[in-house]
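Residues per chain, in single letters:
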Amino acid sequence: MAETQKYHPPQLAQRFLSFFCSDEWIDEVLGDLEEQYADNLETKTVTYAKLLYWWQVLRLMRPHIFKKGKRNSRVMMTKNHLKISYRNLRKNKVYAFINILGLSVGIASVMLIAIYVNYETSYDKFYEDSDRIHRIALERVYPGRVKMFGTSSIMLAPTLKEYYPQVEAVTRHHRLFFNNEITITIQENNRSFTETRFHFADSSFFDVFSHEFIQGNPRTALDNINGVVLTESTAMKYFGTTDVLEKTISTGGNPIQINAVIKDIPENSHMHFDILGSIFSLQFLNNAITQGSWINPWVYTYVKLKKGIDPQEFEKEFPNLSETYGGANYVQAQGTDWKEQGHSFNYFLQPIESIHLRSNLDVEVEPNSDIAYVYIITVIAIIILTISSINFINLSIARSTERAKEVGIRKVMGSQRSALISQFLTESIFICFIASVLSIGLVFISIPKFNEILGTHLNFSTIIQPVGILSLLIFIVLIGILSGFYPAMVISRLQPSTVLKGNYKSSNKGVWLRNGLIVVQFIISIFMISGSIIVGQQMNYLLNKDLGFNKKDLMVIRGAISTGDNYNAFYNRLNQLSEVEAVGKTFGVPGDFLGSAVFEVNDPEIDDVRVNSLTIDREYVTTMEFEIVMGRSFDINFNDSLNILVNEATVEAMGVQAPIGLKFFGGNNNNPNGPNPEFTIIGVVKDYNFYSLHSEVSPLVMFYGGNNFNSNVLAIRLNTTNIRNAIQNIEDTWAEFSEQPINYSFLDEYLDRQYEADRSSTSIFDIFTYIAIIMSCTGLFGLATYVVNQRSKEMSIRKVLGASLPSIIAVFSKEFLILIGVAFAVAVPAAYFALEQWLSDFAYHVSIGALAFILAGVVTVALVFVTVSYQGVKIALVNPTKILRNE
Amino acid sequence: MKNEPISNQEEIVLLAVGSLQPEAYAYGIIKEIKDETGQSWSLGTVHTILYRLENKGMLKSEMGGSSSKRGGRSKRLYSLSQKGYKVMEELMNIRQSMWTKVATNRLSFNG
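So the protein lines, in turn, are chains F and E.
FYI, the numbering for the first sequence is 1 to 887, going by the numbering used here.
FYI, the numbering for the second sequence is 1 to 111, going by the numbering used here.
A couple of the hints might just be wrong.
Said to hold, decoys possible - Think about it this way: if two alpha-carbon atoms lie no more than 20 angstroms apart in a straight line, the pair counts; the simulated PhoX-like pairs of lysine-lysine are: (1) K686/F x K552/F; (2) K34/E x K44/F; (3) K69/E x K50/F; (4) K44/F x K69/E; (5) K44/F x K31/E.
To be verified - Covered stretches of chain E, going by a simulated chain F footprint (3 or more residues, C-beta under 8 angstroms): (6) 21-28; (7) 47-53; (8) 56-70; (9) 74-81.
No wet-lab data here; the hints were simulated from the structure.
Beta carbons are placed, not taken as given, at the ideal position from N, Cα and C, and that holds for glycine.
Using the sequences and the hints given, assemble the complete structure.
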């Protein structure tokens, strides 16, 4: 007995019970419960017994046990309220349809966007201690300009590890920046694959990043130079099993051994690889380590700080670190006065959790998203929800005419105002509930489509978690109360004596609010419509702009050097194919990453110029259809090995009128002791966009590749309409000379991919624009119903006096036109500034014309006219006697 | 006398009250039902049925008999009314007579 006394029954449950249980019953019920609890304690655990107690209390919520009183009679009325709500919905199906559908679209949009935001902010949080992992990025200041690198010096990691006790673990990570295609051959089953996500890291990689190992040991996985780690799906792709430890595969003839297999990297990481090798297996990185190079930012450095280390404090060590350990190397590369020249190397920390949304540096591991998208899309969610709530309010008020008699009767029967308010709130929560159930279905249907458009991997199960369900419930009640409150106040205020006499007319008090809400909707509609028109124009512009070369029918073959000694034979055979018009050799086609260098010019008046550089052959210029605006192109009749072509941007950067004949030298500035040839400008190429249209064309120098120039990339101009045939012939030719699989693409498709992120954000924008417009229309429909009902008698009198149908509708529409006018005046400047902001991200963009706004205005007016006319015609066609006979 | 329809659950509660009398209170009835049928009925269920039966005039109740296990709270002790007893008796008679027919009917079960 003493023991059971120790464990009291849950007091909260007891209190809850006495809250609803009437005094008549409370004593015996508590007694029974306590006895049962004591019995349960003998056989069950305390927690379980307490749960059972709670369960019994909940099961006791029965009508006859409830307290009798005003409060509880209202609880009893809830059932009646729900019944009335249901009957009302059934009575007016159009109204119910618009209301529920509108709300459910609104709620579904919000849910979808909540899932999206949740996903976007979850990046890299699955790593253990992800809050302590940072990437060290580099702000590289050159004389006169700054470049932000996600990468850092190869010497940074060892320095940190050796001299900084704040660091728990540090690792270097490298992805191949230029040609990232690596062919993997598996002797065992004689297959080969082209991998683009072959990354490299230090053996300490898994000390920083907690990957789950299926096979192998994280400590030793990358210990030897030729060992690699595969992801699960890569292992399955190669061997059909993950039991692949110590198996050998090879790349370019070098055998490599599989040391470990890890689980696939979750989608919400900023870094994905299929195969991870040792950083020491790359010769150029080994060289950089031997040289102790602090100049070249060639690797990503990730650091895990010890517990309790403040990253901001730690960051303060970097200026000192960079100079102490890298100083000697800076002097070697830039001279003793490197600081005075304006060079500096500023390292800083980026928490990895923030990389996906907040980091947009040069040389990221993968293209990142932008926190701005998250903000924009959140704003859109709020807008859509606002519209649907406004609709709900307007429709409810519009319908209050029909409910007036019910309210009158209820009041006569003794209902209090608070009871009526709670009735209408119950009703709106009820409608919200139905809408939510529907919206869950909508989300379920639309998630795959959403993923397809955005390229995300959202999961429906996010909603089904308890947090999701709970927030949805709170959300339902909140929206129900917010949108039901005002109508409830209006309706419950009606006086039974006037209402029941039959001449109900709502007061003019609410007119400003209603008109205000409608104006807000028009503003949103006009904003969204004009926005989507201009965004559409810009996307069209991007895809069709003259880029300075012909991107149509241009095939690009990569990995051509794998033909080895057969290179020339392959090249010649290609040229002989009837479908091939020209073949150009190049280091890279437009859209590829180009290296850059600083050149001095042999004219003391002209400053040094920083240019992107590209090595090509003679035919490349004709293949791409570049336009030579000055001088000549590379020519077979000249020895062009030390001649160069520049683009117009270079000429502009030099600030000269006659660039032909000027000489460039000093380009090899990483190695001052190396050869330093002079290059003569022989021609100027019209600017062409070698990167995406996000950036302006910058200076470019094209070197001549010489006679034995075997480029990895071949640009092939096709002259046939039968593309499929051409591909087949080229593939066959390739197969004769190379054992590797052919890797080709078409330039136009390749370039279009640069705008994928833009396209997905704009298509999302489009979809939600449609939703917003449709919902504004339904809201308008509701309001038109209301106004027309209010003025039906006026209309009938006009009709009796001889007004024509069009003139009646014109009277109706006039009121709305004023509202549209107000909305237009607000929406246009807002849209203009927002769009200008968006367009400024593109170096080449359309200008914002008046057309888009005019069109948006016309569309809105047309929509209003259609909806209002529909209602107007309905009333106007009714025989006036039917409406006027009450008088 | 007209047959007043009662549910199976109500019947079981009536039977339990009859067998536990004079110590028939809600939790005791739950235990009795658990012992006899193996089913766990919630307190709410039993309370509702007792309330209903009392309204129908088949049960009477009075307060009394507390124990320290209940935290000193008193029980509501139920007892059968004459009407209640009659209803039960009638039910039993109907069943008895029908069972006799079933028993003499020599049923066979072949699947």
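Consistency of the hints with the structure:
This hinted pair checks out: K686/F and K552/F have alpha carbons roughly 18 angstroms apart, not beyond 20 angstroms. Distance restraint check for K34/E and K44/F: the Cα-Cα separation of roughly 17 angstroms lies within the 20 angstroms cut-off, and the hinted pair is therefore satisfied. Of the supplied pair hints, the one linking K69/E and K50/F holds, its CA atoms being roughly 16 angstroms apart against a limit of 20 angstroms. Distance restraint check for K44/F and K69/E: the Cα-Cα separation of roughly 17 angstroms lies within the 20 angstroms cut-off, and the hinted pair is therefore satisfied.
Among the hinted pairs, K44/F with K31/E is consistent with the structure: their alpha-carbon atoms are about 16 angstroms apart, no more than 20 angstroms. Note: the stretch 21-28 of chain E has 3 residues with beta-carbon separation from chain F under 8 angstroms; the three-residue rule is met and the coverage holds. Look at the stretch 47-53 of chain E against chain F: 3 of its residues bring a Cβ nearer than 8 angstroms to a Cβ of that chain, three or more, so the hint holds. With 6 residues having a Cβ less than 8 angstroms from any Cβ of chain F, the stretch 56-70 of chain E passes the three-residue criterion, so the hint holds.
Closer than 8 angstroms: that is the beta-carbon criterion, and the stretch 74-81 of chain E has 3 residues meeting it against chain F, so the requirement of 3 holds.
Consistency note: the structure conflicts with none of the earlier hints.
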